[in-house]
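K.L.:
Okay, here's what each chain looks like letter by letter:
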Amino acid sequence: MIPLAHIVVLSAFLFCVGIYGVLTQRNAIRFLISVELILNAANINLVAFNKYLGTPDGLGQVFALLIIGVAAAASVVGLILVIAVYRLRKSVFMDEFNLLKW
Amino acid sequence: MPHLLTLIIFLPLAGALAIAMIPSRQVQLIRTTALIFNGAVLAAVTLVAVLFDRTGAGMQFMESQAWIPQVSIQYSVGVDGISLALVFLTALLGFLACFATTMITKRVKEYFLVYQVLMTGMLGTFLALDLVVFYIFWETVLIPMFFLIGIWGGARREYAAWKFFFYTLAGSVVMLLAIVGIYFAVAPHTFNMMELAHTAPLLSAGLQGALFLMFFFAFAVKIPVFPFHTWLPDAHVEAPTPVSVILAGVLLKMGTYGLFRVCVPFFPQALMTFAWLLGVLGAVNLIYGACAAFAQTDFKKMIAYSSVSHMGFVLLGVAAMNSAGFNGSILEMFNHGIITGAMFLLVGVVYERAHTREFSAFGGLASIMPRYAFFLTFMALASLGLPGLSGFVGEFLSLAGIFVIFPKLAIISAVGLIAVVILFLVMVRKVLWGKPRERILWSDMNAGEVAVLIPLCILTLVVGFYPDSILQFQQQAVDMLVKAL
Amino acid sequence: MISSIQFVIPELILTCGALALLMGGVFGLRRKMLGFMALFSVVMGFLALSGTPGAGNIVFSGMLTNDIFGFAMRAFVFLAAGLTLLMSMGYRWPDEEDAGEYYFFLLAATISMTLAVSAGNLLMIYLAVEALSIISYVLACYFKKDLYSTEAGLKYFLFGALSTGIMLYGISLVYGLAGTLDLAGIGARLAAGGIHAPMLALAGVMIFAGLAFKASLVPFHMWVADVYEGAPWPVAAFFSIGPKALGFALLVKVFLGFPAFVTSGWEGIAVALAIATMTLGNLAAFHQTSVKRLLAFSSVAQAGYMLAGLASGVPGVKAAFFYIVIYAFMNMGAFACAAFLSSERADLDAFKGLGRRAPAGAFIFSVFLVSLAGLPPLAGFLAKFFVILCAVDARQYVLAGAVVANSILAFFYYLKIIKAMYFEETSSVEPIKVPLCGQMVLVLCLLAVVVLGLWPQPVMNILAVVFP
Amino acid sequence: MAFWLNIAFGRRLGLGSAYVAVAASLMAAVLAVLVFCTLPPGGAAYELVPWITINGHPITVGVMVDSLTVMMLLVVTVVGTLIQIYSIGYMAGDVRFSRYFAYISLFMASMLALVLADNLLMLYIFWEGVGLCSCLLVAFWYEKPAAAAAGVKAFVTTRVGDTGLLVGILILLASGHSLRFADMGGLPGSDVLMAVAALLIFLGAMGKSAQFPLHVWLPDAMEGPTSVSALIHAATMVAAGVYLVARSYVLFTAHPLALETVAVIGAISAVMAASIACTANDIKKVLAYSTVSQLGLMMLALGAGGYAAGTFHLMTHAFFKALLFLGAGSVIHAVHTQDIREMGGLIHKMKVTGITFIIGALALAGIMPFAGFWSKDEIFIALWQGGDPVLFGAAVLTSFLTAFYMARVIFLTFLGTSRSKAHAHESPSVMTFPLVVLAVFAAGLGFIGSPWCHGAFQNFITGADEEVHFNLGMIAFSTALSLGGIGLAYLLIVKGVKLPGSDGPGRAWFIRLVANKYYIDEIYEVLLIQPFHRLCGALMRFDITRVDGAVNGVAASAAALARFVRRLQTGRVENYLLMQAGGALLLLLIILGKLCRIF
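Going down the list, the sequences are from chains A, B, C and D. Letter by letter, the first sequence follows residues 1 to 102 in this note's numbering. Letter by letter, the second sequence follows residues 1001 to 1485 in this note's numbering. Letter by letter, the third sequence follows residues 2001 to 2468 in this note's numbering. Letter by letter, the fourth sequence follows residues 3001 to 3599 in this note's numbering.
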């Protein structure tokens, strides 16, 4: 069996990739994808902890499912917003969205 | 009259409500209403003075009502000899300034509304016996004053209003910290000034010193003490005449009153430690204010700086820590209110005619405005401390007090007094004497203007010739303060 | 199970109301009508709240907790929702479009907030917060043809998604460390000790980041001004009181429930963040010319004062929540006044001469601003006073000093608005009328600010019960 | 009873009419005579009402009447009344005629109260009161810039001295002594502090009595109406300084140093002012410097222990100097100039004025039967007995110079030929009547102090009972001295004789020095006035740039900081995110650091 540490490192790696993506990407879609990476990193953790720490009720796994659902909803709303902005500006590059500042 | 003091505090607010009901077109009615309410305040204060027991040292007419018991805040008011003089001063100047408000033509309703709120704040400050209540009234004064200067002031009114507001605010927030600090320092925790007068002196010297300095800073800004005085010339100069009267006459006294109500009774040990500081600052105020005033070319600014100078005597009196000093200090507060109030009224008189306050625009007014010349000379003499007029008594008592403790300071101050003399005489020379400039066709003071000044003149004379008329009220309270030291 | 259902009756009522609103919108009911429906359901929900069973039961197998704190916070959420609804009804919307959805989203946000404040499980907290966030993104983007509004929505989304993502990762770590997500369980596990401390700290920071985002604490406040400015006035007002209060409630719930977090230097962090929040908020507001941005930064600064309360020990928590209650009234009042007296993205010039054009409105606005600044005798002063009192009591002298120093700074920009209204004149003298609902919300808030300033006992008594 | 004096003069400001003023002061004079007649031996004191309490020392308003008081009362009321009568003529037609009499009445009231005061504080109060009236009256013609400036100068300069008096009072108060004159005898003698107090009180007297170096105001004060100069700046107010020293004489006698200082200052003033008077061309200036000089002489006498001599001279001087001033006023009234070089031969046109003026001048010069002779003689005797040759020499020199400059004035003004273009005429009788009366006093008053009256005055004033003897040597000496002065003046002015060596460079330098009043005004200008102006200007600039600048600087730096913080909000998501991430990382580091006890 894969040691828990490996899985946790994997999730941490995913998390870091997500953070890195969030911080470096100018494209809103890529940003969304990066956020999904973070969420999935959390999901991996939940499932793995549930499995390895042997919590009886399996809540971690249930939660992971719930989170997948919620994340989907969030992504939908996010995409809607990106589209709404795109319609008005014909751009999805975040560094161009600075009407609101100072 | 069980709730006489509460009535006094909130009567102006009731006036504000009444004024709010009147449509803003009916200017005359608004004025009359304000006058009636301020007159009623004056009458009530006079009643208090009449009923006041001069042999009693403690608080009288006390009212106390739990307000926020969780942190033991009480609505508590009372009057003793020290506050009585100032309350009377407030009521009197409030009434007279209201009476003298003839030059305000724009937004009259709003003017009197904020004016009434201001009155409540000032009266409350002098009557409050709970530190939080004191602070609340203290702060209540700020916003109305901000409006009064900022809307109805002179050319640089906004700058002056901002500066006034923030400077004094900076002082008062420090006071807030000090109030909270003293609350937790004493046992049992309390904001009640009467209890604090017994418990706070027991604090350790270091704590007393820290709290004393914090309170002193707050009051110093208000008084104002060098180097925290620069808001004053701007505010005084830009404010309309009646507001200058209130500013100089009453607002500055809030600071000095605070010294007597808080710094002296609560922190006797710290007072001993820092008396030299107060004394030095007093002397600096006195001389610095006079010299800076002397160099001014603006009539009103000169008077404003002379206020700084006079406040030096109050500080000297406090630093003296004896009966003469305290008596002189309190008397000087009262006198300064009367005299400088009158001075600002007089500046207003020529400003209304000349629309400038530069000395160069005046000269020889004695020939064309004899009544004005009389009043200005009279008040200038009172300001420079001519014996026989009220200014002298306070100054002399303060000096006599400080001499016992810091003779050198007293001598320096006495010499500095020469600068004050020069200042006012030169002012009289510049404004009144000399040849009248051509094309000046100003009318002499009208009956209204004279009517406002006459009570002030009479008070100046009466106090000057018979200082006991005021001193007898405060004697017991001062004795108690001195004894507690 | 019966008691569980009973427990959520208010939420159920709201749900029904929300669905009805959605339908109503589809059937083309007038905005005003929809508003009344929404208000009605909030009032009913509030009434139902008083009928919920007494504290102590475990409901929904621990996902929600039935305690007095949650109860009080739910009541507060209803209050905030009611105020927002009233304000929305008084607001001059540009068109009738999407009114049903708007009210639906407001009610949905209310539901998610009530659930969040009574959550007993970290996962529940995450779900409720995420739901609230999703709704908020949409609300911020309400003017979907508007460049600013859409940008605001997108920005809010970008930050929100990231923050909740990070929070979730933190929650997952806690799950790994404690083996449970139940708040009570985590508390017991932490008390037992033997948890890898750095890991726990990492998880703590991540969860804190998510909640601080809602509460708009520095450095997670960057979104606030941009989002508020783009969002419609009523939405901005809602954001400034609802989600913010929620953020603080959850901070209390999560962090003050974890003794381990408190002892490992969080108090110092809280003090530092409180000072940073109020200072940066005030400084950023200092030169603002856009009134909505100004009020947005002001709300950031106000969050700093609330955090200052939280950083000052147990009595400080009480002070913080007193502040939050007062803040809800005065901030709502200020936003409402600004909304009624000006337009979206109005700058200071739009307020010139309002003392003439809308004397009552300008006066009330001034009262709110002065109260926000903390001048006696208004409620804002007492709120700040209690915070300072607690800070000094907890020997956080620097914090107390920072609070008073900041209140000077804050006065500057509040007075700038007042100055514009009273000191400056405009050519336009046409009077501004405020609709009845708007007047109601103003008078309500005004009464609260004035009366609670003079007589704070009601709120203090309630708080005394909530935080024994 | 003396209290009524006060009441009679209490509040008459604004009544204004000359007749009321004259009547009131006449009444006061009568009352003063009454007081004189009923004076109980050793004086009387009346404590009236408590005024204030200073640190437990009650100060009362009280009246003290003794021989010194009575003398002053008589002088003030009699001279005052006469001068007021004179003023009716002199001020006729002035636009502020009634104001003038109001001021004069106020002055009279203050002066009488000053004299009657039973303690130093009360004295100080009225002391300032007379100073004020002096200032107002000097600046009476305030349209003239010079008059206005002189008024200010008069008040300020005396105020410098008054500050000394004030501090002196404070010292007495602080060391627990009574301020009452009657109690002063009991003061401990050896106390250095008391010597300082005495000197400070003398400083006040110096200011009032225009003693070097505070004499500069008196010549300028001649800008006022001449009647004012006569009353205030010759007869009464300036004598108040001498009165003060006499009044608190016990303080001085207790400390030799104090007494010596009085004498030295008096001597310097006497000689210096007399020398200046020799070169002055303005008739009033001559008289003014003469006043300074004579007051110096009185101080000198007091300082040398000649209590009776000093006060005696005070009294006689009041009469003949008032006479001289009024005479000068009459002359000015007639010729409309004050420059003696433009006068001459006036005696033919103005007989009464001329003769009375000459009587006054002779009295001043100290010629045998006139009042000034007797009092000056007393001073010489006192100084001789005092034994200090320098002081005696100073008095001698002063006396000689006095005779010289008075003779010079007489020769230039009344004798010789007319150089005036104006048509001079005798003044109205309302002006000449007081001249005559004063002349009678000037001529005859000396006898009450002469051996013929058995030294009545001296015994009255000191309360002793001693016979005064002729000191023939001294009489001869002083008469010769005076005559010598007159003779010199005759030689120089009428005959035009040039003194040997008077053209020499050294001599010219000396004359220029004297003619420019020893440059004292200029020294003050450079040392005090200009620095004061510069200081005030500098303080104002300091106030604006530094003190206020600091305040505005704080505000500006806050604003600048705010501007910077505002710029942080770039509106760009990536910047925000970076800051958030950085902030979170920082938080984490701090927490971890705390955990590892790094911090």
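No wet-lab data here; the hints were simulated from the structure. Among the hints, a few may not be true.
What the hints assert, rightly or not - Partner residues are not named here, just some residues of chain C that face chain D (Cβ under 10 angstroms, in silico): (1) Leu2154; (2) Ile2166; (3) Ala2191; (4) Leu2202; (5) Ala2209; (6) Val2218; (7) Trp2266; (8) Leu2273; (9) Ala2276; (10) Leu2283; (11) Arg2293; (12) Cys2437; (13) Gln2439; (14) Val2443; (15) Leu2447.
What the hints assert, rightly or not - Derived DSSO-like pairs (lysine-lysine); straight-line CA-CA distance at most 27 angstroms: (16) Lys90(A) with Lys101(A); (17) Lys90(A) with Lys2144(C); (18) Lys3594(D) with Lys1430(B); (19) Lys1483(B) with Lys1408(B); (20) Lys3144(D) with Lys3517(D); (21) Lys2419(C) with Lys90(A); (22) Lys2419(C) with Lys101(A); (23) Lys1106(B) with Lys2145(C); (24) Lys2144(C) with Lys101(A); (25) Lys2032(C) with Lys2433(C); (26) Lys2419(C) with Lys2352(C); (27) Lys2433(C) with Lys2419(C); (28) Lys2352(C) with Lys101(A); (29) Lys2145(C) with Lys2318(C); (30) Lys1109(B) with Lys2433(C); (31) Lys2433(C) with Lys1106(B); (32) Lys2145(C) with Lys2032(C); (33) Lys1109(B) with Lys2145(C); (34) Lys1109(B) with Lys2352(C); (35) Lys1106(B) with Lys2144(C); (36) Lys101(A) with Lys2145(C); (37) Lys2318(C) with Lys2433(C).
This one's a predicted model, so the numbers in the text were calculated from it and none came from an experiment. Ideal placement from N, C-alpha and C gives every residue a C-beta, glycine not left out.
K.L.:
Flag every earlier hint the structure violates by its number, smallest first.
P.N.:
3, 12, 13, 14, 15, 18, 21, 23, 29, 33, 35, 37
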